[in-house]
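Here the protein sequences line up with chains A and B, keeping their order.
Numbers 1 to 319, taken from our numbering, label the letters of the first sequence in order.
Numbers 1 to 547, taken from our numbering, label the letters of the second sequence in order.
Just so you know, nobody snuck in bad clues.
Taking lysine to any residue pairs in the SDA-like style, the calculated list, with each CA pair at most 20 Å apart, reads:
1. Lys499/B <-> Pro174/B
2. Lys196/B <-> Asp92/A
3. Lys90/B <-> Lys341/B
4. Lys133/B <-> Ser172/B
5. Lys140/B <-> Ile54/A
6. Lys220/B <-> Val253/A
Where chain A lies over chain B, by a calculated footprint (3+ residues, C-beta under 8 Å):
7. 140-154
8. 200-209
9. 216-226
10. 253-260
11. 263-269
12. 421-434
Stretches of chain A that chain B covers, calculated by requiring three or more beta carbons in the stretch to come under 8 Å of a beta carbon on chain B:
13. 83-97
14. 169-183
Source of the hints: derived by calculation from the structure; they are not laboratory data.
All C-beta atoms in this analysis are idealised placements derived from N, C-alpha and C, irrespective of residue type, glycine included.
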Amino acid sequence: MKGFPLLRRILQAVVVLWAAFTLSFVILYLLPGDAVLTKLGSAEGGPSASPAQIAALRAEYGLNDPVIVQYGKHLLAALHGDFGTSVATGDDATHQVLTALPPTLAVSGLALVLAIVFGGGIAVLGTFTRTRWVSQLLLSLPPLGTSLPTFWVGLLLIQLFSFQLRLFPALGSTGFASLVLPAVTLALPTGAIIAQVLAKSLQTQLAEPYIEVVRAKGASRRRVHFAHALRNAGLPALTLVGVVAGNLLAGSVVTETVFSRDGLGRVTAAAVTAQDVPVVQAVIVLAAFFFVVLNLAVDLVYPLLDPRVSVRKEVPAHV
Amino acid sequence: MPRHTPPRPGRPARARSRFAFALALPLLLAACGTAGGASPQDAGPPRPGGTLRLGISSNPDCVDPQQVSTNASVNVGRQLVDSLTDQDPKTGAITPWLADRWTVSPDSTSFTFHLRSGATFSDGSPVDAAAVKTSFDGIKALGAKALLGSSYLAAYRGATVVDPATVRLDFSQPSAQFLQASSTMSLGVLAPAAFKHTAEQRCQGTGLIGSGPFVFTSLKPNQNIVLSKRTGYHWGSPLWRHQGEAYVDKIDFRVVPEPGVRSGSLTSGQLDAITDVQPVDEPQFSGNGFTEPVRPNPGIVFNLHANVTRGVLADEKVRQAVSKGVNRPEVTSTVLTPNYKPATSILGSATPLYTDLSKELAYDPAGAQALLQSDGWVPGPDGIRTKNGQRLSASVLFSAVFNQNQSVLELLQQQLRKIGFDLKIELHTNAEVTRLQQAGDYDFLWYNVTRADPDILRQQFSTKTNNRSKLPADNPLDASLTEQSATVDAAKRKPAAEKAQRTIVEQAYSIPVFELTQVLGVGPNAHDVGFEASSRLQLFDAWVSAS
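Excised from the complex, chain B in its bound form:
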């Protein structure tokens, strides 16, 4: 009779899994070091043709540039449409694109654009004043479906076709920001035929007809989005490096959610370029034929936005102490990488009319402690300060829209503990954050907003708009926010914008921390993958070497 010895699964399994780990580790390490044997190619002259395979980190729910607001989607949408104007990424100046010149009424309520001739939509219809009007009316009608666009057009009253090449847009209140907004893809112009389709259809690419250098070709959810070069395109922005058609025949946006797979696919040549390179993956792309284009996002930096009606944050000295207690360079050098900049104002350094307030935002733990001490906050038994039985504590509300949010906030928590401040970290879903935000039920909000115009401060701080600080009607900030919105003249706007930034930082209505930065990985075959002024991808000049 045969005997069957029952196997003892537990022990050998554990031993072997340890063995597998031991086997795999060197493999992983080796993979980190290799550049996949790729050798740098000659960078030029640019060669037309080929497909740019670009790995993006999340699935764009929608590809209509007028409706999208997530990072993955804007990079796709930007390529499909032209805007009335363009914005110089270096200077922030507004420059011609579909409009070759424009005039603005003295009170910034009326904008007249003179359109260039010869531009057409991909269905052959002309880009004329009537089309521009249809497009702007269409964005306004989208309401909350066009989050960005509808905020730019909050005061939009309507458009008037002056003649086929001239269109006037009117606003019910001074809207200096609109000039910059007219350069964004959110206000990119779609053909009248596009508005015969529903907003949902345009989201999925049906009837998505623009005049941009690329046309929508296909969309497979969670897979890829393919755009093709628009043949005969010759009305590009004069800011671009070349004129005429785009170089690459096709852009294949591949959705690759797992960061390690994204960077590995780039090093092994399965992709030509990737977005959202994680801090841990960055070293793979320095030297060895790979490049790492970076650009900080303009707009409001990642910040602890204080609700001044809540608990200890009502005390201005407490907020100022928190600002002094935050070691910004430590955030970028430990949790992030040197590609990210410590905040030097509430606005990012790439924002037009940004003011350098790095002195005011220097790390000063001694100053913070002195300020709290003089304000009557004394250290309790657990190191957290108290005053009249109240603990020096506030919570911060955030969602995981940026991967490193949690680690950054944990570091801030440690830093603030040193001055006796207890920062509680509350991770919530997007929906929950939205709900609490709308209800005003928060101490600190943690977020950033991309916008290449200082008017974003008015959006978030003014008592007439979002008023995220819950400021009272008589506050030292509103006046300068309104003033900067009243004129497009940069020289006149600058003092008001500077005053607003100063007030926010000095009153510590918000505690700026670091600038969100776009970090790309570009393989040896891809070239000139660049950014426009809002730090969205501009792929018109991108080209790929013959492999």
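Bound conformation, chain A alone:
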């Protein structure tokens, strides 16, 4: 195994995907009610359907099978990329999720860029500047950013930039302009976390003895800060990007609702509410897949930043 760390990683990934699939199935199964009852119950006044009609509908969606048979069927089909048909919409679950993916990726991607640029910028400037009040101001922004509720920020941005100034559309997912407000909303908490972690580790690095050495060798303040401290401080922040990607996905539930956009967040929220097992599982497996891939990518980037870390061998306990 030791010679094939990549192979091991992939095996781990498969296990993670399977666990996500199984766990979500179990949770949805344990919830009271099922997708058919939810679908019928969404009609005002409740169902006027006869018990026989309901039974027929449940049979059609395979909900009358024993749970282990349902699980087996789902798992087998999922291996072929087929998560089944959405009970709520009648659409193919995989298709539904894949259609919702691009708008979410667009917003999350832009949000990630904004978060890294502004979050990173604030951390670097806040620790670099010599003016004390500027430093304090900048470094107090991240806690503010994490404590503002996304929902509220989104509504505020819409109110100001769409309803009042009419610079950006309040709704829809067409065109770049529609990306801006949701991406800013989503970037705020994410950028704040990046800024907090990066600022903290920059401060730690700047207090390390090696900085004294570099400085003694006559390096400029800028060189000390950017070429030495930042490079080392970047590692924890990079690890964070993997985690943050998950946050972006979770945050998209809120931003997509507030900004009336299509996307994975909306699809997920609707599917969970409707106990629409096929769609929920397609989303979860996709999310788990992204998570695994992203973290793998982060691991692969480590050695570029820190030569002490290598993918080939296990990280030794002592350097």
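Position chain B against the provided structure of chain A, taking the given hints into account.
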């Protein structure tokens, strides 16, 4: 050596977030007051062309009018199909549409429709007797997938093509309600070609071929649904304001779930009209160029439907006291708005054959207390009455299908506490409510049903159908419910329908509270956005001014 002062994040953050609030508040307030500088446009004459951008509150899971039952979906589906008949929103009378005349057998088991000539589906095929038969058979085959349609066709036996322009539909028992049902979009006619596609495909718009004034164009989930004007359409219902093609070229239904964003988008001109205006947003659309069309839903009003086999609700006097203890005008004037009407019968005032029972449903807390006292219920230490150790308490089962449900029920809880009745509020998911409802495991059910025909009472109360009150076989209600279902003659039907409403209110099988009302917001550029008899949107006459 430079010194780094670690920042103290906690304090300044809190101070600044308060500052941000202070900054934002006036902004929000200002936004509430503004009408976005829009000035009222001249309202007429109607102008063809343009797109009507209509904000709706939830994503329609399905757009096939025959299958849908949620409010967001019916408003889309209604525009795509024509029905055999139409219903006059003012009088409730059934009027011609695809059928220009019809006859009903004396026992209301057989309906013969004579179709008008010239109507075609959007694939070019004619709207003839064979197509009507295929469509009705198709709805019946959908079963529980067509919740509304299959309940209308519960006794449907089949259709017979008498000649290309005449079709006869037969029922296994008297079905007077079917005449009104034939005017709903749930029984709207789809082309035979539509049934070559699966129900799921039609839901997503594939093969959704109707003869309506608009044709399905595109659907993006959680985004929008676009319908286009059917060119050459000339078989509209004579009830409509104009004939020929619809005015607008396109209707763009935009899904905007957040109510504040919906109303803000309307005031800032990003939408032309919106549905589901929330009570808190209503003041924005009075005067200043905006209009606020409203229509109460016909059918069963929002009510506490009692299960008479459960606990204290088995006692008729207790149920009657609860009805007297509910202050209906307070519900509409505090939690809701004056656009909503207090219930004056179990049926909404827009329902044909509705009877005004406002006297019987007047607020009478003293009467309620006297009734309970004489029945042996005495106030306990916590103010809730008891009798032989039993507390005067019942729970109400509901889901959040209507946004204000929770606040309305909380108000009812306070009102009933004053007469010594303890109402427990139980919020559940749709699935859970459905399950408990099917199992009969509830004290009170909280719901409403939209239907522009008194037969909805039979659906919910009769021991032969849903029997939500769990009435015994020998009850004073069944006879009048059956009687009203036996004839389409309004004059003969009216006494039976009135008797049914009276019995329900007097026996307090259910406690009516308020009428669900559709509240629209319409911008200065949009005109004649109206309702049909079932309070669904009818957009044939709608038009937009040149901007």
